[in-house]
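Guided by the hints, dock chain B onto chain A, whose structure is given.
2 protein chains.
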Amino acid sequence: MSIVVVGSVAYDSVKTPFGEVEKALGGSATHFSASASFFAKLHLIGVVGEDFEMKDIAFLKERGVDCDGIKVEKGKTFHWKGQYGFDLNTAQTLETHLNVFLNFSPEIPAHLQETPILFLGNIHPALQLKVLDQVKNPKLTVLDTMNFWISSELETLKKVISRVKMVIINEGEARELTREAALLTAARKIQSWGPEIVVIKRGEYGALLFFKDHVFSAPGLPLETVKDPTGAGDSFAGGVVGYLAMKNNYDLPTFKQSLIVGSTMASFNVEDFSCKRLQALTKKEISDRIRLFKELSHFEEVKI
Amino acid sequence: MSIVVVGSVAYDSVKTPFGEVEKALGGSATHFSASASFFAKLHLIGVVGEDFEMKDIAFLKERGVDCDGIKVEKGKTFHWKGQYGFDLNTAQTLETHLNVFLNFSPEIPAHLQETPILFLGNIHPALQLKVLDQVKNPKLTVLDTMNFWISSELETLKKVISRVKMVIINEGEARELTREAALLTAARKIQSWGPEIVVIKRGEYGALLFFKDHVFSAPGLPLETVKDPTGAGDSFAGGVVGYLAMKNNYDLPTFKQSLIVGSTMASFNVEDFSCKRLQALTKKEISDRIRLFKELSHFEEVKI
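As they're listed, the protein sequences go chains A and B.
Heads up, the first sequence is in our numbering, so the first residue is 1 and it goes up one at a time.
Heads up, the second sequence is in our numbering, so the first residue is 1 and it goes up one at a time.
It is worth saying that the hints were derived from the structure and are not from the lab.
Not one of these hints is a red herring.
Okay, derived cross-link-like pairs now, DSSO-like style, lysine-lysine, Cα gap no bigger than 30 angstroms in a straight line:
#, chain 1, residue 1, chain 2, residue 2
1, B, K283, A, K303
2, B, K189, A, K15
3, B, K15, A, K189
4, B, K283, A, K212
5, B, K294, A, K283
6, A, K294, B, K165
7, A, K294, A, K165
8, B, K212, A, K283
9, A, K55, A, K76
10, B, K294, A, K189
11, B, K303, A, K61
Okay, chain A solo, but in the shape it has when bound (with noise of 0.2 angstroms):
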């Protein structure tokens, strides 16, 4: 199955304590094609400016990513730089220039339309709705977001949400979305409003899924290198929509087995800055890292 991915295509500029980098290669799209393209099929839908470089996406095309809707426009590709201190969980906004990402308009090429799969990356959520109107019958359609829409954009974001079937989102965020303190209550909250699943993302402890009434938790793999966690809930989504797009079945245990593809992911776009871990990856590599769940999630059985 293929994925239409929507969402921004950024240069990024990030100082963590382990190094920085400057105007590299970010963006929800990006990191989400970085990992996903691992799985399946993807047609990136983004907007660039005339200072893009795309030598700097030349390894998604090596992959099969369709780039063909990202559009060039004229001015600058969106920018963000940030910095993180020892506590890699919370990123500090020093600039956003949103520059052309500022009229970005999604839209889907009719032969795009029918695309079974469609992963709506954080942009504002006015320009989801537009997204999700074009779409005809999707099998799947997933939502991201931040805490910034949740603040400014509060009604047209649960919107969106009630036409999704499945949400991704961070737990503070779960929190600040439902006003309920309990991951459980916000997750139920959430699919009261139409989701069937819901994916709660906890930084380096994993994440939560929320399938009907069922509950699973994906751990974080505990690394000895962390450089940088920019995209890395993105990574995650790649992860776990890709997966899902190659297994094309969307039943409870193969949810929970997206969940560690995501993971695994995640873990490794946070070993180095940008997307450069992502970008010399190995498909043996991610299979040999998948493994280690196991070892890390699974035990015998308890009787007492």
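Showing chain B alone in chain A's frame:
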């Protein structure tokens, strides 16, 4: 196998957004015992003041806990007063009155010195050393500690660590103790000081087991009701050590299972104030909840 537990027996006054209690039963040895008593025979070594009401621990005696090692000294029982905000992960201490605990000098009676398992609750490291000097050929020695001793008694604490087989510690404390940001590196460093086994507690996120060179992640159970996290870490330790004592098996599969039992017991502990939930708990409720952890953690083999 039976367990000697040395730690505090206290009265706690706790306020959370979900209620409050005044001078309710608390302390590390108490919460540990309220949990471990479902699985093993316990000998509790502690001290209380003349104000202590023995009826408060009648439920422990009913479960077969040997409370003869609780000395009654002139003065008042250790009293801790604290509060939590909506982020129930961090306690704010309002008052600490050590009272009779100030001069606590634990003595292990001769007939208990060959007890196979020793749990050293969070007390002064010099006292923990004193206890270690008294026991003979233990099969398993377990240390719990807290940030207070890391900042004030680091060298003594390291001596204790070098002499136990297993350390149970919070993630923030593991980082503080080792000056390492990555938990994997922090655990490896603690292991290099002596203990084969390090368990890192992560509050609502569960816990990590480092067993020789193996790593296991036990999830926290997502709960609808969390009223008071006080004693959750001790209840967790009680489940872990109690289960190991019951099985009298110290291999990797049993340690993994023990963390699931620990996580189960902690999940009950937080559902009500003080020891109330553990006091009212039944073995059937424990078994039923342990079963939830399989669906929460296990997944079918992932092939990509």
